[in-house]
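**Q** Sequence:
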Amino acid sequence: MRDRQLQVDINSDMGEGFGAYRLGDDAAILDIVSSANVACGFHAGDPEIMAATFAMAREKGVAVGAHPSFADLWGFGRRVLPHTAGEIERLVAYQIGAAQALSTYAGHPIRYVKAHGALGNLTQTDRGVAEAVTRAVKAVDPSLICLAIALGFQDRIAREAGLTVKSEIFADRAYTEEGFLVSRKLEGAVIHDAGAAAERVVRMVGQGAIETVSGQMLKTPIDSICVHSDTPAAVAIAAGVRARLEESGVGIRAFAAPA
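All residue numbers for the sequence shown refer to the numbering used here, where the first residue is 14 and numbers rise by one.
No lab work stands behind these hints: they were computed from the structure.
Treat the numbers as computed from the prediction; the structure is a model and nothing was measured.
Misleading hints may appear alongside valid ones.
Below, a list of computed lysine to any residue pairs in the SDA-like style, where the Cα atoms sit at most 25 Å apart [what the hints assert, rightly or not]:
#, residue 1, residue 2
1, K73, A131
2, K151, A270
3, K151, L36
4, K232, E212
5, K232, N134
6, K198, A174
7, K151, D139
8, K151, A131
9, K151, G99
10, K232, I265
11, K198, A131
12, K73, P122
13, K198, L36
14, K198, R92
15, K73, Q20
16, K73, V93
17, K232, A222
Turn these sequences into a full structure, and let the hints steer you where they fit.
**A** What follows is the structure, given as structure tokens:
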């Protein structure tokens, strides 16, 4: 991969505290990534944290997006909560609106939407949920980009709806043979070794494919790479991924950066 024209985005979840509680080293991660997915108050975040996170991202030149989830503070948005399709549309629309308001207040408006946790996983595997989230984005602001899990339902459905879609892979998550994320309930679902995560990302970007647990490569566009900010090795993994990509001749640029 010596072509300097090859570019990819690195994103991470930000603002995932609540009140006096904080999770992750946002300042350190923001020095590494090119896009920040900001929690909107349902799995984490509140007006103070959101405004501060958007402002810090602005200062560091990092693009920002809304990171809506199920209303699940206790479970950090990682539990599947029963909702109708209409309820999902409205809870996503509500959170996009909150992110638009506070990002505008901070002088750094959001440019995309990425669903969080259990809701995000369902957009990959459940057509109805993917359609509901897509309808919410389109209804609130069709100029917003959908950051969707590669090879998932939303990746296809949002394109069919006429929205701009960017396909995402995960640096620190294992994939099944179908290209789905391995459940966090299973051993090996989260990759904690910074070196292994970085080498794996270089392979995936180089081949334009998702690497499954067996080593199979599933072809897909790759526009963005997610590195989670809430794991013990988060900063090391993010730094390692960026360094190895740049060493391989891949440039880092926000997919939502102004033209």
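**Q** It remains to establish, for every hint, whether it holds in the given structure.
**A** So, going through the hints one by one against the coordinates:
{"no.": "1", "hint": "K73 to A131", "verdict": "29 Å, violated"}
{"no.": "2", "hint": "K151 to A270", "verdict": "20 Å, holds"}
{"no.": "3", "hint": "K151 to L36", "verdict": "31 Å, violated"}
{"no.": "4", "hint": "K232 to E212", "verdict": "18 Å, holds"}
{"no.": "5", "hint": "K232 to N134", "verdict": "19 Å, holds"}
{"no.": "6", "hint": "K198 to A174", "verdict": "33 Å, violated"}
{"no.": "7", "hint": "K151 to D139", "verdict": "18 Å, holds"}
{"no.": "8", "hint": "K151 to A131", "verdict": "21 Å, holds"}
{"no.": "9", "hint": "K151 to G99", "verdict": "14 Å, holds"}
{"no.": "10", "hint": "K232 to I265", "verdict": "21 Å, holds"}
{"no.": "11", "hint": "K198 to A131", "verdict": "12 Å, holds"}
{"no.": "12", "hint": "K73 to P122", "verdict": "14 Å, holds"}
{"no.": "13", "hint": "K198 to L36", "verdict": "21 Å, holds"}
{"no.": "14", "hint": "K198 to R92", "verdict": "11 Å, holds"}
{"no.": "15", "hint": "K73 to Q20", "verdict": "19 Å, holds"}
{"no.": "16", "hint": "K73 to V93", "verdict": "34 Å, violated"}
{"no.": "17", "hint": "K232 to A222", "verdict": "4 Å, holds"}
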